[in-house]
Amino acid sequence: MADSGAVAGLLWDRWLPEQVRRRLVEVLPGGEADARSLAVWLAGVHDIGKATPAFACQVDGLADGMRAVGLEMPYRREMGQDRRLAPHGLAGQLLLEEWLEERCGWPRRATSQFAVVVGGHHGVPPDYAQLDDADARPALLRTPGPSQQLWRRVQEELLEACAGEFGVRERLEAWQRVKLPQTVQVLLSALVIVADWVASNPDLFPYAGLGQSPPGGDRVGAAWVGLGLPEPWRPRLPQGSVAELFAARFALPPGAQLRPVQEAAVRVAREMPEPGLLIIEAPMGEGKTEAALAAAEVLAARSGAGGVFFALPTMATSNAMFPRLLAWLERLPTREGERLSVLLAHSKAALNKDFAEVKAASWQRIAAVDTDGVQESLRPGRENVAVAAELVAHQWLSGRKKGMLASFVVGTVDQLLFAGLKTRHLALRHLAAASKVVVIDEAHAYDTYMNSYLDRVLGWLGEYRVPVVVLSATLPAGRRRDLARAYSGVGGQEEDFVALEEADGYPLLIAAAPGQLPRVERPKASGRGSQVRVKALSDDLRVLADRLEAELAHGGCALVVRNTVDRVLEAAKALRERFDASEVTVAHARFIDVDRATKDNKLLECFGPPETSDGHRPARHVVVASQVAEQSLDVDFDLLVTDLAPVDLLLQRMGRLHRHQRGVRPEGLCEPLCLVTGVADWKGVPPEPVRGSLAVYGRHALLRSVAVLDLPSGGGYRTVRLPQDISSLVQQAYADEPVGPAAWAQAMDEARREDDALKAAKAKAADTFRIAIAARPGRSLVGWLAGSAGDVDDTRAGRAQVRDAPESVEVIVVEQLDDGALATVSWAGDGRGGLPLPTGAVPSSDAAKAAAACTLRLPARMAKPYVIGRVIAELEQFCVPNWQARESLWLAGELILPLRPGCQTSVAGFRLSYSPDDGLEVSSD
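Note that the sequence shown covers residues 651 to 1575 in our numbering.
Hints are computed from structural coordinates only; laboratory data are not their basis. Do not take every clue at face value.
Taking lysine-lysine pairs in the DSSO-like style, the calculated list, with each CA pair at most 30 Å apart, reads [what the hints assert, rightly or not]:
no.	residue 1	residue 2
1	Lys998	Lys829
2	Lys829	Lys1051
3	Lys1514	Lys1223
Restraint ranges, calculated between C-beta atoms of paired labels, are given here [unchecked claim]:
no.	residue 1	residue 2	range
4	Gly1165	Pro788	43 to 49 Å
5	Arg1371	Glu1255	46 to 52 Å
6	Arg1511	Arg1402	27 to 33 Å
7	Pro852	Glu823	37 to 43 Å
8	Glu1255	Ala1523	40 to 46 Å
9	Asn1532	Gly1437	49 to 55 Å
10	Gly1128	Arg1192	39 to 45 Å
11	Ala1203	Gln1166	56 to 62 Å
12	Ala1231	Pro1551	21 to 27 Å
By construction, the Cβ of each residue, glycine as well, lies at the ideal position given by its N, Cα and C atoms.
Generate coordinates for the entire structure from the input sequences, incorporating the hints supplied.
Right, dumping it as structure tokens:
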């Protein structure tokens, strides 16, 4: 108990960001001193429930010693299953509530909001039924009979001793009138959990026996130095002009000019009455990422945030962002000796080279050390020295429970949405988010189900006063309103948010905060722009090949975007019959990870910014890609052919046209050209999208897109001005007003009703495991996670829960050699190819990690309810028992897909073939 309290004090003094401490300080009458004392006291008493028969009976030898001094208790076998009704956290909550009421004179209604921190220190606050069940069995807390009063005296003496030791006895009378917001209860719970975990680590706090102290000085100081937790980021408010700030923080290309939206974002971040929500709507390629990081630095300095979490839609976008964050961190002004913890947060982060390099460079052994002579390490460093901070991936700040507590995190948006999912140790995710500035990129990319979680999380972030920056190039006005309303909470007036929906202009900035009127800022356009000629094209593959052959007669690079992998592969096959095979490249999500990374790097090398692609850009080439080309890659093409998609995604794809300034474009391609395919019959009433696109996007969004594009029916062109037309097209497509010819009205209305019903069903489904909005101050967290999803947050089940993802099957692809032996795929680069994977033993760490980098998600049709059981059953036949050992960290529990010579195999009636050029192809046997 003393160790936990002492650790909580150090966490408060040296690890908790000011932004978190403020939330606790502002609700307690004694300010900072009260807040620290409360946190330390709750950490100190958190295990009081262990002083009960239900807990103490577990080890006979120790229990006999207690019986010898009069603390009678049944033996464990005598107590039976009832013992489980009073786990020590719940028992501790009941004991603390009783002591506060009976010995300290608190009203009963005031006790639970404090004691629930003790009750929930193992990750889930108890619910009322659990409390009633334990309360109805007093023998679990004190053995009836002669020893009952002795049990009570021991429990009360421990609580009195903690109140005295941690200096709260004189403060309890004032605290009984405090109404703790649920946000404060969550933060205190998280702090107690962290303190408990640190103090329970035997490497940091070795058991020394009663009356003994570890050699070499202070026990807690030794543990703290051995733990070596990096302190939070403490930024100062940047001085000087916005241009000077950007020049200092980013490696801008020669001649780069500050964009008006970038200047406005930093200015609004400086001028907001208090840090809150900042929505930045601006065109693709306008520097929104840099604007977000610059604004985040300003907001963090003002709010006391101790880091930044940058949330992105996919692992690919997260991987691309991680080195950009590292580069920005290297340019931040820091204190001498400052260490900043960093994390890449997604399910395959361990395979990312950039993150692996940070981890390898920052490994340390966590164990208590002698503090004699190293007291200097416990003092803050000097401020503002011109040296980069040490960036570390701290071992303790890792894993799905603690990883998000790192100061700087790049990860998939799931990691943020998990803060809205009822799951064990949710308080830790809330502490992680409450400590940072949160940046949400590509906010238009999320569906109704995900937005239900996002809005709920934004509501809690608003309650925590966490600064949030939202980025989008194509945000519907209704979504803009919903984001601001969710963050600002129920206190705002509805008309204030309606005005946000009606705000025009592009680029556009929105600033909002609880209790304040939203602010709208309309920065000037940067002057960058283009006029894209858009034309409908038949979905016939021969027509596609003819048109590309004609357009690329004098050279040029074309991007063909198809909405399904099967359509990608069909188009690539047809185009290779017309072009040389080396002139057609395929990119989609059905590649093993190592091949996907190789392809992404090759695409950037050939089609990326001029500084990386000059000298590598081919004279003539066609890239046939799925949606992976929409947002994860900074690539630039002369010509675009795209399947019909929702208009915001079409505009994202158009952003890949003439994206960078180059010299002379090929003849005939000097002006951007976009050809729209994926419609079975353009003359239909209304035009009918192809089946694959309907399955991905739904009829309503696609028909609205056709209607607002209004492509000439006679085969002519319409011009889309980028960025001038982006906002108007998006708002028309997502507005409630009818669009399109009158003859389409019946079909459009039917599609809208289907879409409304689907969205309503998704919103209802999302509510099953979604936490409630924060209740009024003083309402206890009891029952906060009732009906939880379990311990599933950053798991496949958890990711499916917050994304409403259909069932999927992921496999590790290995090669089966002629002799039946297994090996990693032969073509993998960086020395990972052809490594033996023995079945009679645990493979080497290098070979196992190389194999784990070859994961692949099977197509959705192999995960349909009527076939997934058979697919998994057949894949489990390849289970290697020796790979399930504890030492097999990379392979245990994974499904293995061995490819026979020729890279083919069969599973559950499906014929699978794989190549590093085209990825996985699936057909029926």
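Hints, one by one, checked against the model:
no. : hint                          : in the structure
1   : Lys998 - Lys829               : 42 Å, violated
2   : Lys829 - Lys1051              : 29 Å, holds
3   : Lys1514 - Lys1223             : 27 Å, holds
4   : Gly1165 - Pro788: 43 to 49 Å  : 46 Å, holds
5   : Arg1371 - Glu1255: 46 to 52 Å : 31 Å, violated
6   : Arg1511 - Arg1402: 27 to 33 Å : 28 Å, holds
7   : Pro852 - Glu823: 37 to 43 Å   : 39 Å, holds
8   : Glu1255 - Ala1523: 40 to 46 Å : 42 Å, holds
9   : Asn1532 - Gly1437: 49 to 55 Å : 40 Å, violated
10  : Gly1128 - Arg1192: 39 to 45 Å : 41 Å, holds
11  : Ala1203 - Gln1166: 56 to 62 Å : 59 Å, holds
12  : Ala1231 - Pro1551: 21 to 27 Å : 22 Å, holds
The earlier numbered hints that this structure contradicts are 1, 5, 9.
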